[in-house]
Amino acid sequence: MLEIKDLHASIGGVEILKGVNLLVNPGEVHAIMGPNGSGKSTLANVLSGNPSYTATSGQILFEGKDLLSMLPENRARAGLFLCFQHPTEVPGVRLDHFMRAGFNSIQKSNGLAEMDVLKFDKFLNEKVGIVEMDRNLTKRSVNEGFSGGEKKRNEILQMAIFDPKLSILDEPDSGLDVDALRIVAEGINYLRSPEKSVILVTHYQRILNYIVPDKVHIFMHGRIVKSGGKDLASEIESQGYDHLENLDESLQSSL
Amino acid sequence: MTERRTTQESAYLEDLESLEKNVYGSDPSWARDLRKAAMSKFQNLGFPTARRGNEEWKYTDIGPVAKVKFQSFGSDVQSLVNAKNVESFSLGEKSWSQMVFVNGSYVEDLSSVSSLPSGVMVLNLTEAIRSVPELVQQYLAHYADYEANAFTALNTAFIHDGAFIHIPDGILVEEPIRLLFLSTSKDEEEPVSHPRVLIVVGKNSKATVIDGYVGVPNGRYFSNGVTEVVVGDGSRVEYYKVQQQSDNAFHITNTDVSLGRDSYFSSINIDMGGKLVRNNLHVLTEDEGSSCVLNGLYLVNGTQHVDNQVIIDHAKPYTTSRELYKGILDGKSRSVFHGSIIVREGAVKVDANQVDKNLLLSDQAEADTKPAFWVYCDDVKCGHGAACGKMDEKAVFYMRSRGIDEKTARGLLTKAFVSDVIQSIANESLRSQIDDLVQFKIQEWVDR
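Chains as they are written, first to last, in the working numbering: chain A, 8 to 262; chain B, -10 to 437.
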C-alpha cells in the first residue's frame, strides 16, 4: 500500500523529517506515537501534499506510484485521505456542496458515476449516522462555528464519504472528551476493512484503547526510533517518551 | 512640457444651450428653470479635480472624466441597438416591466411596461414632466442636492428622459420594475448620458426596482446618473443597482433616499464593470422607526477603480441601518469604501452597523476603507468592521486534499467570500442570475 524510504522534509528551510522509513500493507493499522514537536504531524502533511512542506529527499510509493510527484488533489483521487488535526473553516461554502464537489471529482477521475444533488443527499443521510452527526450541520458552511468535536466528527464523516484506500489520521483524538472520542474511534473502526489501511498519528495512548493497531511506531526528532506491536503503546503510557531519549541518542550516534 | 488639457465645464454649458433651443423647447418653464439653475451651479462648482484637503475625493482622481469632451448628443445610436442586445443585457424575468434607455434616451420600442396594478405610474420622465407636472415637481430634485454636488448638478442640468415610478398609497407591486440604461458608441464617439430616476412610493406600499447600467464592450462613455427614492410611511422598497459597463467606461451615480416612518429600504449595489466608478449613496431616515440595509459587491480587475461613498443620516430616533460591502480585487485594481454614519442630536436608540471586507487576489491591488462616525447622541449602538485579506491558502489545501483541483478550489473560495452579499438579494431569480454572473466572472479570472 505505502512505502516510505529515507524521507527527509522541511518547512521554511528547517529540516523536520530526518530519514523516515515505513511500510504499510493493505488492511493494517499503524499507530505513530511521539511527543509534541517530534515531526509526526509533518509526516501526515507531507503524505497528503501540503504545499507548505517540502520533501527534500527520499521516496514515497503509494500502490507503486511516486506519491511525491502527485498534486494533492491527485493523491486524494488515488485514494489517500488526510483527517486534519485542525480542520479549516471555509465560510460561504456549504459542507454538503463541498463534499459532493470532492466526491464527484474523485469519482470522475476514477471513471465512476457522479452523483446529483438528490442522490448525494441520500448517500449523505446514510453516512452521517456513522459519526452521530446532526444532518443540519452539513447544510452550514464547512467547519464554521463547529465545536472541536464536531470538526473531528466531520473529518470522519468525510472519510466515510470518500472511502479512501489509505487514511492518515492526524491526532483525531486531540481536544475530544470521552464521549466524542468513543464516537470518533467507533467511526474509524467501522470503516476498517481488510483492503484499507490506516496511519493513526497520536500523542496519547488512550485512543488505542478503542482502535487496536497492528503496528506501533515511536516517532522522535524526525524519525521512527522504535517499532513494535500494540504493547509498545502501553509501554509509552506507563513510562512516557523520556526513557526513549537515550535510544534516540544512541541511534543518532550510530548514524 | 506635455500639453495639459483643461476641464470641460464650459462645453457642457454650450451643449445645454443647444439642447434647450432644439430639443427641450416644449418642456414647462419650471423644468427649464431647474436645468438652468443646476447648470449655473455646475459652472460654479466645477469638477472636483482638486484632491488635496478634499476628503471626499482623496482616493479618486476624477481628472480623466473632467478632461474629456464627451458628446452630449451624437448620431442616432438607437439603430445600433436591437431587441436582442437588450435581452442579452437584461436581468430578471422577461415578463417583468422594463424601460430601456440608450445613451440616455428612452426607447419605447425596446421597452415593455405592463401588468402593473392600477394607479401605478411607470413613465418616461419627459412625458411625466409634461403630463403630471405637479406630481413630478413636488419631488424631482428635492432629494438629490445639486447645490453642493457637481455631478448631481450636471445631471440635473440635463434632466430630460429618465424613469418616473410612482406607487400610490396601499399598493403592493410584487413584480420588480426594471430600468436598463445602455451605453453604446459608434466609431470614435464618446457619448455622455445623465440617467435620471425618480421613485416615489406612497404609504404602506411596496416596490422592487432593478436599475441596470450596461454598455457595449470596450466602449468609452460616461454615464452620470442620479436616482431619487422617496419611501413613504410603512412602505418597503428593494432597490438593486447592477453595473456591468465596459472596462473603459466612466460611471458616476448619486442615489439619494428618504425614509418615512416605519419604512424599510434595501439597496444592493453591484459593480462588475467600469474603468472609473464612483457611487454616492445617501440615505436619510426622515422619520422614526425606519430601517435600511445597504449592501454592495464589487469585482474589479486590471486598472479598474471603484469608489463607494455611503452616508447614512440617522436624523430620527429608533432608526436602524446595516451595511455590508464586499470587494474582490485582482490585477492593479483599486477600491475605495468610505462609509459615514451620522446620528443627529436626539436620535436615540439608533442601531447602526457597517462592514467592508475585501479579498485581494493580487499583490498590486489596493483597497482603501474608511469608516466615519458622527454621533451627536449618547443612547445609540454603532459598530463597524473592516478587513482586507488574501486567499486562505489553508482552505485551498483543505479543498485540494478532498480531490478538488486547485483552480476550482480558488474559484469556490473567491465566490464564497461574497456569498453573503449575494444571499441578501431577496428576489430569487435575480439572485440566481447574479450568482451565475459572479461565478462566471470569478472563474474567468481564476482560469486565466
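The hints are simulated quantities; they were obtained by calculation from the structure and are not laboratory data. Computed from a prediction, not measured in an experiment: that's the story for all the values here. Hints are supplied without guarantee of correctness; some may be wrong.
Subject to a maximum C-alpha distance of 35 Å in a straight line, what follows is the list of computed DSBU-like cross-link-like pairs (lysine-lysine) [claimed, not checked]:
id, chain 1, residue 1, chain 2, residue 2
1, B, LYS56, A, LYS158
2, A, LYS129, B, LYS10
3, A, LYS158, B, LYS430
4, B, LYS25, A, LYS158
5, B, LYS73, A, LYS146
6, B, LYS379, A, LYS25
7, A, LYS25, A, LYS146
8, B, LYS430, A, LYS129
9, A, LYS115, B, LYS175
10, B, LYS379, A, LYS115
Practice prompt. Report the numbers of all earlier hints that the structure fails to satisfy, in ascending order.
Written response: Structure breaks hints 1, 2, 4, 5, 7, 9.
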